[in-house]
Amino acid sequence: MGKADLHAHTTASDGLFTPSQLVQHAQSLGIQAVAITDHDTVSGIAEGLEAGKKLGIQVIPGVELSTLWNGKEIHMLGYYIQFDNENFRTLLMKQRNTRKLRNEMMIRKLNELGISISLEEVNQKKKSSSKELNVGRPHIAEVLIEKGIVGSMNEAFDKYLGKDGLAYITPERISPFEAIDLVKQNGGVTVLAHPGLYQQDDLIPQLVQHGLIGIEVNHPDHTAEDRKRYQEIATKYQLITTAGSDFHGERQGSMYHAELGTCTVDISQVAALQKKSGSNK
Numbered sequence: 001m002g003k004a005d006l007h008a009h010t011t012a013s014d015g016l017f018t019p020s021q022l023v024q025h026a027q028s029l030g031i032q033a034v035a036i037t038d039h040d041t042v043s044g045i046a047e048g049l050e051a052g053k054k055l056g057i058q059v060i061p062g063v064e065l066s067t068l069w070n071g072k073e074i075h076m077l078g079y080y081i082q083f084d085n086e087n088f089r090t091l092l093m094k095q096r097n098t099r100k101l102r103n104e105m106m107i108r109k110l111n112e113l114g115i116s117i118s119l120e121e122v123n124q125k126k127k128s129s130s131k132e133l134n135v136g137r138p139h140i141a142e143v144l145i146e147k148g149i150v151g152s153m154n155e156a157f158d159k160y161l162g163k164d165g166l167a168y169i170t171p172e173r174i175s176p177f178e179a180i181d182l183v184k185q186n187g188g189v190t191v192l193a194h195p196g197l198y199q200q201d202d203l204i205p206q207l208v209q210h211g212l213i214g215i216e217v218n219h220p221d222h223t224a225e226d227r228k229r230y231q232e233i234a235t236k237y238q239l240i241t242t243a244g245s246d247f248h249g250e251r252q253g254s255m256y257h258a259e260l261g262t263c264t265v266d267i268s269q270v271a272a273l274q275k276k277s278g279s280n281k
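The sequence shown begins at 1 in UniProt numbering and counts up by one.
Treat each hint with caution, since some may be false.
The calculated lysine-lysine pairs, modelled on DSBU-like cross-linking and capped at a C-alpha distance of 30 Å, are [as the list claims (entries may be wrong)]:
#, residue 1, residue 2
1, K184, K109
2, K54, K159
3, K126, K94
Pairwise CB distance ranges, derived in the manner of DEER restraints [unchecked claim]:
#, residue 1, residue 2, range
4, P171, Q200, 15 to 25 Å
5, D164, S268, 21 to 31 Å
6, E178, Q199, 20 to 30 Å
Don't read these hints as lab results, they were simulated from the structure. Owing to the predicted nature of the structure, the values given are computational and were not obtained by experimental measurement. Virtual Cβ for every residue (Gly too), placed ideally from N, Cα, C.
Make a model of the complete structure from these sequences and hints.
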């Protein structure tokens, strides 16, 4: 059976590959299906689907929504969403505005720490010509590396930008429950992204009750213990198990998360997601 990587980013958000390049990369690695799950945007999906048709790669339309619960950022993956729905796109624009505010807040904190960095410098790292300036933490990290403040992406996140970093901050966002509703209203299904990064397992039963249908068991930042625990949770709540590399590409010689295809599931899991969504795409 074929392999599927269900978590990947493009230049539509903070990835380095265009949607077409991502699909070509999947083909070169022998991956039969890839989900485009950019942060709070669906602007890369149409290009990715077109490339998939040409190259014989199954492209799953997705999105990664940033949410907040008890002061902790929780990411939710939506699959088979109606990405051409204008109302959905408008709601995602609000999400991106919150992301922009977060960037401004982080840069202010970095400045307070004596680090000279500006929003303009960060925005210039955006690799897409899209009108949507969907900039994220990897772009900030890229500037920090160039300035010699840190030596790698991992150091940038560990020291400054990650949840325990000196400059980490997050504004108010929608809740994970609202994210499930948003995805459901737009024809999709929701999977909890990399739960091992939150260690907030008590939230999972609540999300299941609200309509969560899957959990990302295999992620490059999960330990073996994490994978075992979330597999057991998935079995207990009859959730679809997914996997994804969280691919962004390599910046300054440093890979953020992992190479495409590092974490995959059997392509049959794609069919399970599609069936749950009722999609014929």
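Hints that the structure is at odds with (numbers, increasing): 1, 2, 5
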